[in-house]
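Add chain D with the ligands to chain G, keeping to what the hints say.
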Amino acid sequence: MTEGNGRWLGSASSTGQHDRNVEAVTCPVCGNELKSLRKLNVHLDNVHGFNDESASDVDSSRESSVIGLNTLVQERTHERQSKGKLKMNTSHWKKPVEGKSVCFECGCKLNARNGMINCRKCGELFCLRHCRNAIKLNENGEYDPASNVWCKCCHKCYINRKGYNDYGLTRNITQAFAKIRKLKNEDGELITLQLENRLLRLINGIIQLHVRHQSSVFATFRIRAGIIALERSIVEWKDDQMATQCGICSQPFGLLMRKHHCRLCGQIVCDRQETRCSSDIPVLNLMSAAPDLSFENVGNLKAISDLSTGVRICSSCLRYVFAKRKLQFSKALKLPEILQQYENLHNLETLVVNLLPRFQKALDSIHNAPASDETAIQNLAQLRRKLLQNLTLYDKLSKSIVQLDTKSTAEKKIQQSIALHASAFIEEKMLPLKKIPEILNPVSQKVEVTTSSDLLFNNLTIAEVKKYREELMVLNEQRYLVENMLNSAAKERRFEEAISLKTNLSEIDQNIVHLESKLGDEGF
Amino acid sequence: MLQFKLVLLGDSSVGKSSIVHRFVKDSFDEYRESTIGAAFLSQTIKLSEEYDEQVLKFEIWDTAGQERYKSLAPMYYRNANAALVVYDVTEPDSLPKAKLWVDELKEKVNDDKLIICLVGNKLDLVSERESTSLVDEADAREFAQENNLLFHQVSAKTGENVIKVFQDIGERLYLQNKDKIQESKKPNNNNISLQRPSTNDSQSCCS
Ligand SMILES: Nc1nc2c(ncn2[C@@H]2O[C@H](COP(=O)(O)OP(=O)(O)O)[C@@H](O)[C@H]2O)c(=O)[nH]1
Ligand SMILES: [Mg+2]
Ligand SMILES: [Zn+2]
Ligand SMILES: [Zn+2]
Ligand SMILES: [Zn+2]
Ligand SMILES: [Zn+2]
Ligand SMILES: [Zn+2]
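Protein sequence lines correspond, in order, to chains G and D.
Read in UniProt numbering, the first sequence has 12 at position 12, and its numbers run on one by one without any break.
Read in UniProt numbering, the second sequence has 6 at position 6, and its numbers run on one by one without any break.
No wet-lab data here; the hints were simulated from the structure.
Keep in mind that the hints are not guaranteed to be accurate.
[As the list claims (entries may be wrong)] Calculated cross-link-like contacts (lysine-lysine; reagent style BS3-like; alpha-carbon spacing at most 30 Å):
| # | chain 1 | residue 1 | chain 2 | residue 2 |
| --- | --- | --- | --- | --- |
| 1 | G | 467 | D | 70 |
| 2 | G | 502 | D | 25 |
| 3 | G | 334 | G | 412 |
| 4 | D | 57 | D | 157 |
| 5 | G | 95 | D | 70 |
| 6 | G | 238 | G | 334 |
| 7 | G | 467 | D | 97 |
Fair warning: this is a prediction, and the values are worked out from it, not measured in the lab.
Chain G on its own, in the form it takes in the complex (with noise of 0.2 Å):
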């Protein structure tokens, strides 16, 4: 390879861009300087007749400088040079009719401009743009990587060759690891069964040695000694002169560390307070967190608090006895008070997030008639007040959510994130709703002859906001009781008096709007 060919691919590859490439590349064939990529292309193919001859249907040197692609001109300059031209066949192209024919993938007309190729797989006509892509074919236009050609393809014969996008050879592992998770899934199983085991004659061995020496005047120092035996009974000790270090959190034992025998695992570990590696568990406590375990004998026990015994237990041993207890235990407690209320928070989150496209899309409506029509926006305010309501609501609910005791440092941050989702969420909703009184206004105006509430609308004391939002949540009230009386009275069919209904709630609805005209910004 020249010295110009190697200085030209480096160029190339490291830019990548043949139209931005300001620097000059020098022939690879007869040496002479270019100023771009782009020309060295054109200058191949129309100088050295790298152009694919068989495609020179409608203009080959635009063409060629759209496929422009550089690795590929440097392999073809050595296969045109080894092999010469390939004569390919055309039969299946589609013949060009000037002015009609369209791209088989956009649709546009096809004409000098924009191109008019044969894709060389498929023969469909397509715009230079639909047809950019290269591909190796042998002389029957079927694709072959062993061919020495590239051709231009259409992208729905480029992605449809064997082998695009192979990622090589894959192996689907995920039966042989569901296979081995279920075996320590298994085993796991099998071992708290073993150690439920130990347990469970550990303890019922415990009530037994107690209801045997309860009477007896020396019943401590012989419930104490049967307790020893039956311990190593249950299983085998570790060697403790063997064990330098704690079985579990591998701390080196010493004087201040004291070796300890887990009496279900029989292995050595330490007992100190910051990793709790093992502890001595009352029997009480170990019986009543495993309430399903069968203990027998505890009838005959004089007095269940006798029991003061404590068994030794590893942290590793407890997570296999108790912690799927523990869980079950836990989901059948009531949610703490902080949970609960944030389920109701939620769902009035799902509300309002629920409601907004139905108030965007009457908003819309709105803005794209400008010649206001009464129901449409009768329709949008009884919207904004759903939406203002139930944001009253969830602001309301968010609040007392901050101002519940918390019982935990985990409570505490659940209330933090709380607090700063649901002060987030209500900006951000709040914001749309903002828009509406512009709308609302004049309108309002119109309807309303009074004209001194003109003067107060967005020049309100902070008292009488008080007292308008005050009164708009009356009204609220009043509105949903009246509803629910138009209801019953429809149900009942006293006519009379759902009219009378009807008219009042019409009103009640008349003064909501009133008043949220009156309060502007300020309604919620």
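Frame of chain G; chain D with the ligands shown alone:
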């Protein structure tokens, strides 16, 4: 049928709801829940021979006396044909409050056709209380006279005089609308609703 709108006003727990329930359901509940907003009830009465045994229907709005709901009242008294302003005879503070309601009606409605009846309730308790802790009946009566109000003392608990209040109001309404009623007696025209013509625009009262 003749239909009239009637509204009850007055301080909370003077017995407005109890009066309405005595009138509508002829029952009394010692532990009635206090009203929220305004409740709607209806009852029909028949006037005496003197009044052609005319049958009237009252559509009643029983408002809550609490301050919080005060802003609702105008909506209901604005369209009313009659108002019962109730006080508690055993609660001296409740009469001035009733007077304030009357003042508000006179000012905001300002229509001679609106029939206002001042009603002292819980008459049954009078005998067991010291007279000093009672509302001065003469005071109430005088106020009613000055302002051209009907005046009654009732007990929702025993039912004493309750019907009388509504009969009285019904008779006034009958007289007031006699012409229209005669008109309606003519064939093909037997169902009209008499609405007190509202002097104000429906919106302007509350602003
Ligand atoms: N003794 C007596 N108690 C009454 C009478 N009317 C109402 N009450 C009592 O007064 C209280 C308030 O009555 P309510 O009708 O709720 O008053 P409202 O707030 O004006 O509607 C209730 O406990 C009633 O039982 C009455 O005529 N006599
Ligand atoms: Mg009441
Ligand atoms: Zn050249
Ligand atoms: Zn195209
Ligand atoms: Zn193709
Ligand atoms: Zn340890
Ligand atoms: Zn263990």
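Distance restraint between residue 502 of chain G and residue 25 of chain D, which requires alpha-carbon spacing of 30 Å or less: holds, 24 Å
Distance restraint between residue 57 of chain D and residue 157 of chain D, which requires alpha-carbon spacing of 30 Å or less: With a Cα-Cα distance of about 23 Å, the restraint between residue 57 of chain D and residue 157 of chain D holds, given a limit of 30 Å.
Holds or violated: residue 467 of chain G to residue 97 of chain D, with C-alpha atoms at most 30 Å apart: Given pair residue 467 of chain G, residue 97 of chain D holds - Cα atoms ~21 Å apart, limit 30 Å.
30 Å Cα cutoff - pair residue 334 of chain G, residue 412 of chain G: Status holds; Cα separation ~18 Å.
Pairwise hint evaluation, residue 70 of chain D against residue 95 of chain G, where the allowed Cα distance is 30 Å at most: violated, 87 Å
Pairwise hint evaluation, residue 334 of chain G against residue 238 of chain G, where the allowed Cα distance is 30 Å at most: At roughly 43 Å apart (the allowed maximum being 30 Å), residue 334 of chain G and residue 238 of chain G break the hint.
Pair hint outcome, residue 467 of chain G versus residue 70 of chain D [Cα-Cα no greater than 30 Å]: Holds, because 11 Å separates the two Cα atoms, which is no more than 30 Å.
Going through the hint list in order, the structure does not satisfy hints 5, 6.
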